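The hints should help you fit chain B onto chain A, whose structure is shown.
In order, the protein sequences belong to chains A and B. Quick note: the first sequence uses this note's numbering, first residue 1, plus one each step. Quick note: the second sequence uses this note's numbering, first residue 1001, plus one each step.
Don't take every hint at face value.
As the list claims (entries may be wrong) - Cross-link-like lysine to aspartate or glutamate pairs, in silico, EDC-like; alpha carbons within 16 Å at most:
no. : chain 1 : residue 1 : chain 2 : residue 2
1   : B       : Lys1144   : A       : Glu173
2   : A       : Lys237    : B       : Glu1120
3   : A       : Lys237    : B       : Asp1126
4   : A       : Lys237    : B       : Asp1117
5   : B       : Lys1144   : A       : Glu172
What the hints assert, rightly or not - Pair by pair, the computed Cβ-Cβ distance ranges are:
no. : chain 1 : residue 1 : chain 2 : residue 2 : range
6   : A       : Val167    : B       : Asp1268   : 37 to 47 Å
7   : B       : Asn1045   : A       : Arg228    : 28 to 38 Å
8   : A       : Leu83     : B       : Glu1123   : 50 to 60 Å
9   : A       : Ala62     : B       : Asn1045   : 41 to 51 Å
10  : A       : Ala62     : B       : Asp1176   : 44 to 54 Å
11  : B       : Glu1123   : A       : Arg228    : 17 to 27 Å
12  : A       : Met160    : B       : Glu1123   : 26 to 36 Å
13  : B       : Asp1126   : A       : Arg244    : 23 to 33 Å
14  : A       : Met160    : B       : Tyr1013   : 29 to 39 Å
15  : B       : Glu1123   : A       : Arg244    : 22 to 32 Å
16  : A       : Ala43     : B       : Arg1119   : 46 to 56 Å
Think of the hints as simulated: they come from the structure by calculation, not from any bench. Computed from a predicted structure; not experimentally measured. C-beta: ideal position from N, C-alpha, C; glycine also.
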Amino acid sequence: MVRDVSFGQYFPGKSLLHRIDPRAKLLCFIAFVVVIFFTFNYASLGLIVAAMVFLVAVSGIAPKFYFKSLKVILVVVLITSVLNLFYGSGEAIWEWWILRLTWNGIHRAVFVTVRIICLILASSCLTFTTSPTELTDALERLMKPLAKIHFPVHEIAMMMSLALRFVPTLLEETDKLMQAQKARGADMESGGFFKRVRSLIPILIPLFVSAFRRAYDIATAMECRCYRGGSGRTRMKILHMSARDIIAMIATALLIGGVIVCNLLLASVI
Amino acid sequence: MSFISIENVFFSYDNIEDGKPVVNAVDGVSLSVEKGEFVAVIGHNGCGKSTLAKHLNAMLLPDSGKVYVDGDDTCDEEKTWDIRAKVGLVLQNPDNQLVASVVEEDVAFGPENLGVDPREIRERVDAALKAVGMYEYRLHAPYKLSGGQKQRIAIAGILAIQPQCIVLDEPTAMLDPLGREEVLSTLLRLNREMGMTVVLITHYMDEAVPADRVVVMDSGKVLLQGTPREVFSQVELLKKHRLDVPQAAELGFRLRGFGVPFDRVPLDEQECAEMLLEVLQ
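Chain B with its partners taken away, still in its complex shape:
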């Protein structure tokens, strides 16, 4: 069985008693995440991707359907805290998830809640801060850090819980390009070097390129999934659903439209440049 498996989940924020037609934020989604995988979930605002993220650690429970984390049903109240310790959720606004006035005390918040031995908390905090490259800032006040740094502290705060999977709900939406780059490279490193399972929810297509698998959501449903190359090759389908593709893919697609003999769609600038060079020679 997969590490996380979502089976035909429906969820709605609407109140059925209101009498208005119910709109499902998540409308029959089935999806699985394997251990060690880097999955990117993309889609534009309101497509249900954030709602889906909150289902992965039992913050929201499905109206119908099931979500299993490491074999445990998220609806099982006795397992709620086990599940949250296994699947850490990082939210969008870095300011609103840091709870302490000193960086290292904030990172310690999670393990403190789990009742971990003080000496081990210290070790976990140091290791988590080193993993996100913020160890030198451990005594700083969070509000003096940049957005990217704050978001890395938030990731460290989740790492200190020692989860098996990190889910990030648009972690870069409020950051500048530099901060986005910091956060993304941190995530890639965690996935590649530490084998951390990462589910990255984003509306920046470029961020989905390095993922192992891309899941495209639209109006609460899974529209498309596959490797980044498979997904971003379907430029026309994505465009029909008002979704962007990475800039390099867009360029490749348009050039192909003008008769440039590209055999595939380039995913990043480097690949695009190489392909152009090949064609020109």
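Only chain A is shown next, with the shape it has when bound in the complex:
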């Protein structure tokens, strides 16, 4: 039940997106996410949507997983778009009580919805096609210059990759604990908000205790495997930028250029 979350999962594969260097992918992703929020008219929004559809298509991952990841934030999308719908400025085209519908509001709602959906799809695209190890590896290497000012780059990357590794394990454990409590008659589904939050305590406490025990075990296992921090460590996978990665970055730059041009040439609608 808890395990049925596709957001943040990795699907091994050999698609174009899988093969792009994680550093290039991460940089492109950051640029893409920023540019999503710099779309002010339908032409630039269209460019982003087109790019997004292209990415989803070449990721080689079944669209149902993307829908699944969207399902999680459906409520957020609905609330923000409805709020935006009635918070526009300008002339009202429909009015009832405190609700005031304007063209500006409709545009805003469309933009917000499309932007959030693109944001989630882009993050899914990244995490579906990049293994957590690759991702933290890319982060570690991109942030390497910061190590010079004694920023603990390696430690942070290691913590992130361990955290990501244990997400499914801890979810599974939560599931087991919930079932164990239910088997003993715990009621977690009924009652008001506070009652339900309170019924989570018997799950959270054992979960924390076991998480600490696990942390101790992992530290022991890591020491047994000669882990002694980041210095003197090598990596099995050497990352190197190929023509493919440069093309990906150029494509992202072109997309950014396209969005800027659209914004300059056409009037913004929000």
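Chain B in isolation, oriented as in the chain A frame:
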């Protein structure tokens, strides 16, 4: 000198300043392990066998006494990492020793820590995964594998360090019978075909039968050691210390008690069946 030699080791988890009487988890153990040997250490929970295991790769240091690995004292801090690269320790819970989200990246963790050249890491990882029969799973996520498979990945992770000896601390305690069988046959193969020194710590007596030597521990002391046949023949002594014997040995012992003329204690089902057949004919 033996590959690993433990000389009169005492170790206690208790804090002396507490004022409570100190209970030694390891209470004066002397033991040696030769190269290429398969040693099984058995005993029930709390007999000090896991504590002893952690002494073999300098995870714990003795309160008194010495542990030498390939001639190096484990108390010598400069040798700690050499020792850990020579003696790999596999722990009980397979989930808690896999550190990466992809099988092959996890196996690469050890050699990466040792600063091995990337191309060689690749070779070591492939060889280690093939040695435990998990090569086809190299791109899988560990959490989707069965317990036995996870434990074999953990063994591969140690093999990739290329140690001379593997110590396993109850590697099958959390596995189902099928997983136990997988892990045990992997260990036997490593020992017989690759000459790997194996120290298997377990509380399943059946797992000790194929070993070259069995060491029985009780309350932090070595109670008995010898070949499996020598050890499991002493059914009465083992029972006095609330230890089991393999089922076949138990059956043989009881039958002998009823006057069946067995000349020795059978160690596994096959032998037991043959001996019965002999007697019946």
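So, going through the hints one by one against the coordinates:
1. Taking the CA atoms of lysine 1144 (chain B) and glutamate 173 (chain A), the gap is about 14 Å. The hint holds against a cut of 16 Å.
2. This hinted pair checks out: lysine 237 (chain A) and glutamate 1120 (chain B) have alpha carbons roughly 11 Å apart, not beyond 16 Å.
3. Distance hint between lysine 237 (chain A) and aspartate 1126 (chain B) is fulfilled; the C-alpha atoms sit about 13 Å from each other, no more than 16 Å.
4. A C-alpha spacing of about 10 Å is found between lysine 237 (chain A) and aspartate 1117 (chain B), which places the hinted pair at or below 16 Å, so the restraint holds.
5. The suggested pairing of lysine 1144 (chain B) with glutamate 172 (chain A) holds, with an alpha-carbon distance near 11 Å, which does not exceed 16 Å.
6. Hint check: valine 167 (chain A) to aspartate 1268 (chain B), Cβ distance near 43 Å, so the stated range 37 to 47 Å holds.
7. Here the CB-CB span from asparagine 1045 (chain B) to arginine 228 (chain A) is close to 31 Å, well matched to the stated 28 to 38 Å.
8. A C-beta distance of roughly 58 Å is found between leucine 83 (chain A) and glutamate 1123 (chain B), which places it inside the suggested range of 50 to 60 Å.
9. A beta carbon spacing of about 47 Å between alanine 62 (chain A) and asparagine 1045 (chain B) agrees with the range 41 to 51 Å that was offered as a hint.
10. A hinted range of 44 to 54 Å for the beta carbons of alanine 62 (chain A) and aspartate 1176 (chain B) is inconsistent with their spacing of about 32 Å.
11. For the hinted restraint 17 to 27 Å between glutamate 1123 (chain B) and arginine 228 (chain A), the CB-CB distance of approximately 23 Å keeps it satisfied.
12. One distance hint, 26 to 36 Å for the beta-carbon pair methionine 160 (chain A) and glutamate 1123 (chain B), holds here, with the actual separation near 28 Å.
13. Distance hint for aspartate 1126 (chain B) and arginine 244 (chain A): a CB-CB separation of about 25 Å, consistent with the stated range 23 to 33 Å.
14. Between methionine 160 (chain A) and tyrosine 1013 (chain B) the beta carbon distance is about 33 Å. The supplied range of 29 to 39 Å therefore holds.
15. Taking 22 to 32 Å as the suggested C-beta distance range, the pair glutamate 1123 (chain B) and arginine 244 (chain A) conforms, at roughly 26 Å.
16. About 49 Å separates the C-beta atoms of alanine 43 (chain A) and arginine 1119 (chain B), a value consistent with the hinted range of 46 to 56 Å.
In this structure, the one hint that does not hold is number 10.
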